[in-house]
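In the order they appear, the protein sequences are chains R and D. Using my numbering, the first residue of the first sequence is number 1, and each one after it goes up by one. Using my numbering, the first residue of the second sequence is number 1, and each one after it goes up by one.
None of these hints come from the bench; they were simulated from the model. Any given hint could turn out to be false.
In the PhoX-like style, the derived pairs of lysine-lysine whose C-alpha atoms are separated by at most 25 Å in a straight line are [claimed, not checked]:
1) R:K122 <-> R:K69
2) D:K258 <-> R:K102
3) R:K261 <-> D:K299
A partial selection of chain R residues facing chain D, derived with a Cβ cut-off under 10 Å [to be verified]:
4) W53
5) A100
6) L105
7) Q107
8) R262
9) V267
10) V269
11) G270
12) A271
13) I272
14) M278
15) N282
16) K288
17) R289
18) G292
19) S293
Every residue gets a Cβ at the ideal spot worked out from N, C-alpha and C, and that includes glycine.
Number of protein chains: 2
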Amino acid sequence: MSENTKAYGTDGAKKDLKSREIKRRDVTKEDVKIEILYCGVCHSDIHAARNDWENSTYPLVPGHEIVGKVTEVGSDVKKFKKGDLVGVGCMVDSCQECGACKDDLEQFCEVGMVGTYNGKDKHTGKQTFGGYSTQIVVREEFVLNVPENLDIKKVAPLLCAGITTFSPLNHWGIKKGDKVGVIGLGGLGHMGIKIAHAMGAETIMITTSPEKAEDAKRLGADSVLISKNEKEMEKHQGTFDFLLNTVPVKHDMNPYLKLLKRDSTMVMVGAIEPLEPMHGGNLIMGRKRVAGSLIGGIKETQEMLDFCGEHNITPDVEMIEMKDINKAFDRVTDSDVKYRFVIDMQSLKDE
Amino acid sequence: MSENTKAYGTDGAKKDLKSREIKRRDVTKEDVKIEILYCGVCHSDIHAARNDWENSTYPLVPGHEIVGKVTEVGSDVKKFKKGDLVGVGCMVDSCQECGACKDDLEQFCEVGMVGTYNGKDKHTGKQTFGGYSTQIVVREEFVLNVPENLDIKKVAPLLCAGITTFSPLNHWGIKKGDKVGVIGLGGLGHMGIKIAHAMGAETIMITTSPEKAEDAKRLGADSVLISKNEKEMEKHQGTFDFLLNTVPVKHDMNPYLKLLKRDSTMVMVGAIEPLEPMHGGNLIMGRKRVAGSLIGGIKETQEMLDFCGEHNITPDVEMIEMKDINKAFDRVTDSDVKYRFVIDMQSLKDE
Numbered sequence: 001m002s003e004n005t006k007a008y009g010t011d012g013a014k015k016d017l018k019s020r021e022i023k024r025r026d027v028t029k030e031d032v033k034i035e036i037l038y039c040g041v042c043h044s045d046i047h048a049a050r051n052d053w054e055n056s057t058y059p060l061v062p063g064h065e066i067v068g069k070v071t072e073v074g075s076d077v078k079k080f081k082k083g084d085l086v087g088v089g090c091m092v093d094s095c096q097e098c099g100a101c102k103d104d105l106e107q108f109c110e111v112g113m114v115g116t117y118n119g120k121d122k123h124t125g126k127q128t129f130g131g132y133s134t135q136i137v138v139r140e141e142f143v144l145n146v147p148e149n150l151d152i153k154k155v156a157p158l159l160c161a162g163i164t165t166f167s168p169l170n171h172w173g174i175k176k177g178d179k180v181g182v183i184g185l186g187g188l189g190h191m192g193i194k195i196a197h198a199m200g201a202e203t204i205m206i207t208t209s210p211e212k213a214e215d216a217k218r219l220g221a222d223s224v225l226i227s228k229n230e231k232e233m234e235k236h237q238g239t240f241d242f243l244l245n246t247v248p249v250k251h252d253m254n255p256y257l258k259l260l261k262r263d264s265t266m267v268m269v270g271a272i273e274p275l276e277p278m279h280g281g282n283l284i285m286g287r288k289r290v291a292g293s294l295i296g297g298i299k300e301t302q303e304m305l306d307f308c309g310e311h312n313i314t315p316d317v318e319m320i321e322m323k324d325i326n327k328a329f330d331r332v333t334d335s336d337v338k339y340r341f342v343i344d345m346q347s348l349k350d351e
Numbered sequence: 001m002s003e004n005t006k007a008y009g010t011d012g013a014k015k016d017l018k019s020r021e022i023k024r025r026d027v028t029k030e031d032v033k034i035e036i037l038y039c040g041v042c043h044s045d046i047h048a049a050r051n052d053w054e055n056s057t058y059p060l061v062p063g064h065e066i067v068g069k070v071t072e073v074g075s076d077v078k079k080f081k082k083g084d085l086v087g088v089g090c091m092v093d094s095c096q097e098c099g100a101c102k103d104d105l106e107q108f109c110e111v112g113m114v115g116t117y118n119g120k121d122k123h124t125g126k127q128t129f130g131g132y133s134t135q136i137v138v139r140e141e142f143v144l145n146v147p148e149n150l151d152i153k154k155v156a157p158l159l160c161a162g163i164t165t166f167s168p169l170n171h172w173g174i175k176k177g178d179k180v181g182v183i184g185l186g187g188l189g190h191m192g193i194k195i196a197h198a199m200g201a202e203t204i205m206i207t208t209s210p211e212k213a214e215d216a217k218r219l220g221a222d223s224v225l226i227s228k229n230e231k232e233m234e235k236h237q238g239t240f241d242f243l244l245n246t247v248p249v250k251h252d253m254n255p256y257l258k259l260l261k262r263d264s265t266m267v268m269v270g271a272i273e274p275l276e277p278m279h280g281g282n283l284i285m286g287r288k289r290v291a292g293s294l295i296g297g298i299k300e301t302q303e304m305l306d307f308c309g310e311h312n313i314t315p316d317v318e319m320i321e322m323k324d325i326n327k328a329f330d331r332v333t334d335s336d337v338k339y340r341f342v343i344d345m346q347s348l349k350d351e
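Assemble the whole structure, with the sequences as input and the hints as a guide.
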């Protein structure tokens, strides 16, 4: 039997997160048990905690940017051993048999992937609990190797913000010399800049806020395009090979579509809500495309971690203690973080 | 000097088309002079005549689905000789030097392609006049060979409706066994069905109107999906390899996005106006894409004509006389045509 595990979670949409005890499932022969060292704070955690997407079940323990050390492995586990530095992202299980799973795209599992939190555990039939916790038990296939050279405190947000931006850049084949625009400078956008830059792209930060220019350049942007400046926007018309749109809310996409070259794509990774009307002509003229992308499969997530290890990429983070999570949620909502909060889980152990 | 040429055109947005005389340019050494036998009536002709897109210059002579016989060729013309059966579509010129032209995509010419009507003639600097006329003079590169085996009366609409639907099906690589949905049964949709069917796709007509089912099957649809039937729509969810959206006005695209398989595309060819809001989640879940497509390049238009020759594909047309054009415009606006009007230009010659 599992001992109780400390966690922070919420009992309802309008309630603060508070300390509680949860039970993790027993370690099966395919499972890896992980002592959580750090957990990133993703905007999705807030949406889930507050039931913005109307699919939350309570109590809810958020957290899907998890880094920790292996403390126990099941008898069939091959890839991991006690003491390994590992990560867990947004998924902890999938059918492993459908077309999507066979194509290494478990995020699109046809049976339904199991979310790291607010999902349904296949073994216990109960609610899954996320990484705002001291430990977690995860099926081997959904555990990732974390490169040892990276600053471990900063790695956690790669598991969601990192793969969410790496995957479209990788899938659409961004290469040296491509002109890539990253729209919006937040948790996702700042990772998009770092990754596109490391891929060798001419990386342009596209933002409404001139005050973000300096920071964007520090993060790796070659230049900054202020989207409110119509003259500048016109100058760049039809010149972008790819646009990564990280804006988390609906907005007018038409000015961005005009930036694309013929046959090029803008990929939406931020706004999961009804978008503002696009003009059909902005797609038809130049055979342009708008697409969506959702995190990435496990294989690609490992590729992303290896890529970040190789290029020494980590997010810019602000470390917090577990007890400060409710304040952190408010600050994320107010876009007052550069660029991701990471919870030091020692602070929960010490509570 | 050119003699005067008979034509039908309009002097203003709210005026009827009426008989007039126009001047065609003198035949240069690169030009082909064509006696127009038939001209299709495209919905764009009406938009242009009525200045719906706010870019019309008057007098305006519509018509960009032109079939005729060569009556004269310039000294440098190599591909055509007097008596050849030829076609002219939506373009009569382009720069021939930019990236788009070099890629055989003159419709996206970076300098700007010259429209068959309401464009600016590069030789005379004057307005181009379309195919509602007894003859036209066109640069050799923009003249197409018409397969001799097709029913010549019916060929004209291939030059716009044909290429507009062939191009996306061809560009996105539709092949035998693909499940293709054609949304909307009008001039474009009925060509989409015929062409997708001839490409070997499992072709599904998607329409709001149950009364169109029988006709859709006659045209080549393997089955018909009534988009108002939520149960049926749900059954087909995530099963389509490709959607060709020919609906000419804005509409809710979200139910169609749900029909697409992972990584599949819906291509918009009809609505050149602000579209209704798409839900970001419908793109993100399944990494789906929405794209636009505009007619096709000259090389692809010839491929389309050859394909139609090989598969004996012509549109379903209703023949009219030139004098009946204003009534025909009203009937197109009322969707009262199966599926394209073609003007027998002998009726103008006889006036």
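| At a threshold of 10 Å, is the proposed contact between V267 of chain R and chain D supported by beta-carbon distances? | At 9 Å from the nearest chain D Cβ, V267 of chain R passes the 10 Å test, so the hint holds.
| Given the proposed pairing of K122 of chain R with K69 of chain R, does the C-alpha separation stay at or below 25 Å? | At roughly 23 Å apart (the allowed maximum being 25 Å), K69 of chain R and K122 of chain R satisfy the hint.
| query | Holds or violated: is the Cβ of G270 of chain R closer than 10 Å to a Cβ in chain D? | reply | Given a least distance of 8 Å, the restraint on G270 of chain R holds.
| message | So, as I understand it, the hint says A100 of chain R touches chain D; can you test that by seeing if any CB pair is closer than 10 Å? | response | 6 Å, holds
| field | Interface hint status, Q107 of chain R versus chain D (Cβ within 10 Å) | value | 9 Å, holds
| query | Was the hint right that W53 of chain R lines chain D, CB cutoff 10 Å? | reply | 9 Å, holds
| task | Have a go at the S293 of chain R hint: is there a Cβ in chain D nearer than 10 Å to its own Cβ? | result | 5 Å, holds
| At a threshold of 10 Å, is the proposed contact between V269 of chain R and chain D supported by beta-carbon distances? | Check passed: Cβ of V269 of chain R comes within 7 Å of chain D, closer than 10 Å.
| Hint check: 10 Å Cβ-Cβ cutoff, M278 of chain R to chain D | 5 Å, holds
| query | Close enough to count: is the Cβ of L105 of chain R nearer than 10 Å to one in chain D? | reply | 7 Å, holds
| Holds or violated: is there a CB of chain D closer than 10 Å to the CB of R289 of chain R? | Nearest chain D Cβ about 4 Å off; hint holds.
| query | Should the interface hint for R262 of chain R be scored as holding, given a Cβ-Cβ cut-off of 10 Å against chain D? | reply | Status holds, d = 5 Å.
Consistency note: the structure conflicts with none of the earlier hints.
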